[in-house]
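Dock chain L against chain U, hints included.
Protein chains: 2
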Amino acid sequence: MNEPSFLSPLEETVVVIGVGLIGGSLAAALRSRRVSRTVIGVGRDIDRLKQAHAAGLIDEVSTDISQAAARADVVVFCTPVDQVVDGVRLAVHGARPGVLLTDAGSVKQPICDALADVSAFVGAHPIAGSHRKGFEAADPELFEGRVCVLTPSPTADAAQVSRLDRFWRAIGMRTVSMSPAEHDRALAMTSHLPHVVAASLSRTLADENRRLTGSGFRDTTRIAAGDPELWCGILLQNAEHVLAGIDAVQHQLNEYRSALGTGDAERLRELLVDAQRRREGLG
Amino acid sequence: MNEPSFLSPLEETVVVIGVGLIGGSLAAALRSRRVSRTVIGVGRDIDRLKQAHAAGLIDEVSTDISQAAARADVVVFCTPVDQVVDGVRLAVHGARPGVLLTDAGSVKQPICDALADVSAFVGAHPIAGSHRKGFEAADPELFEGRVCVLTPSPTADAAQVSRLDRFWRAIGMRTVSMSPAEHDRALAMTSHLPHVVAASLSRTLADENRRLTGSGFRDTTRIAAGDPELWCGILLQNAEHVLAGIDAVQHQLNEYRSALGTGDAERLRELLVDAQRRREGLG
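Protein sequence lines, in the order shown, are assigned to chains U and L.
Sequential numbering from 25 applies to the first sequence in my numbering.
Sequential numbering from 25 applies to the second sequence in my numbering.
One or more of the hints may lead you astray.
Derived Cβ-Cβ restraints for the label pairs, each shown as a range [stated by the list, open to error]:
#1 Lys-74(L) - Arg-156(U): 52 to 58 angstroms
#2 Ala-268(U) - Ala-183(L): 58 to 64 angstroms
#3 His-117(U) - Ser-282(L): 36 to 42 angstroms
#4 Gln-91(U) - Gly-305(L): 39 to 45 angstroms
#5 Arg-198(U) - Asp-163(L): 31 to 37 angstroms
Keep in mind that the hints were calculated from the coordinates and are not lab data.
For glycine and all other residues, C-beta sits at the position ideal for the given N, C-alpha and C.
So that you can see chain U by itself, here it is in the shape it has in the complex (with noise of 0.2 angstroms):
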């Protein structure tokens, strides 16, 4: 494999839709492994795109998704979820021949499904985060060794799978490919039954009991403060899984329930060990 260099970018013009914290890193990624030669930032926003341009991480702003996708190799949607099909439809409108179209959504069979007929498309989830929001939280090593999930249609263009798939490994991703129904499946299960267990416990907490918090709860409940409105979004598209996850969870703590209750010792220390078995090696 050839390694981009600034002589010869991967793609000439990258178009970044929503400059928050995964659209900020992802262009900060992209310029300081010089991926492409340009990064647009395109927004609502035009004084936080400003910013955005202040604090290096795009070389260009645009309010008009259709003029900036007019001039894309590639443009990768980090928007909230609900707001993907939408953007595509407009970005796709005026896009020239070749152009790739891909987002960074954390639910897809919803998003690949409404947009089946758009050939351009291949949806994506780069498995990176944090609770933090906006660019100012931007970190270009953000998806650095993490994984990105591919979830093209079965009549997808090869071709363009694999520009796709060299797009993402060069800011330092390892990608893995799977249909968008395995990937709501899995990430409800490893990501959004996650934010609704840290919220659930958020809420157990009193007002009198929070100076008794510890690095315990502070750990369990941290993505809790993650965005309301972005969260909101994820569940509700992917809710027929979330609620097969909470299902799952509410199995489990009625294990160490009856445990407990019954005062069985053997039997809690194998749901601890299994359970401490589990999350090892995760980091």
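Then chain L, alone, in the frame of chain U:
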């Protein structure tokens, strides 16, 4: 207040029973802040104690609680909660008049009830810890700025309680006082329930989904990596309150289930906003 100095330590000789993460960190804090002139580390494994001595955490080592306690001004039990009561009975036997016995256990009522006749004992719980174990993870700053709960019995000697208060504050902690029952009810919610929740979530992770976990899953399950033996003891000793905590978090999970099941975006947003608000400012 006089700051402790090397020439006039707050307590001449402190015996730390159990030189693991907590005991090792306490010993390190006592030494680095010169709270005591001598720290004796007591444990069952002489080789481990010698390693802790070589690591500079303790001044002397002993495998005999009674012998060490006979030289102590203060004895602090940093063992698993189910070993504190027997240890205190051994220690108090040969101890000098005026000795102060305390502990660092995460559950207080069973310990304080069982030791109600030992006037030299005043229970404590420094709320600080880590999912790591062993003195190798010891950190003299572990207690800095954190809360230590004191649980004196109503008949405790006021001078001893105030001495204990000074002791924990001397390693940088803020102290609060409450009854053992109040402590156990509160800590069930802020510490023991989070462990059950993290461990329950960990048990929902299928092997094939491991590669699809991100920082959210990692944070939310981090404490599930904690020592199963240690946690088995804590959870069983506080079973009644932990069961009430499981009820509370299951109730919250049901709220999410209901909002998601009916596609009620407004209610879901409300739940997420409340969870975020309660999480704010915890660090």
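For each hint, the structure was consulted:
1. Taken as a hint, the range 52 to 58 angstroms is violated for the pair Lys-74(L) and Arg-156(U), whose Cβ atoms sit roughly 45 angstroms apart.
2. Look at Ala-268(U) against Ala-183(L): about 59 angstroms separates their beta carbons, and that is inside 58 to 64 angstroms.
3. In this structure the supplied range 36 to 42 angstroms holds for His-117(U) paired with Ser-282(L), their Cβ-Cβ distance being about 40 angstroms.
4. With their beta carbons about 42 angstroms apart, Gln-91(U) and Gly-305(L) fall inside the hinted range of 39 to 45 angstroms.
5. A beta carbon spacing of about 33 angstroms between Arg-198(U) and Asp-163(L) agrees with the range 31 to 37 angstroms that was offered as a hint.
Checked against the numbered hints above, the structure violates only hint 1.
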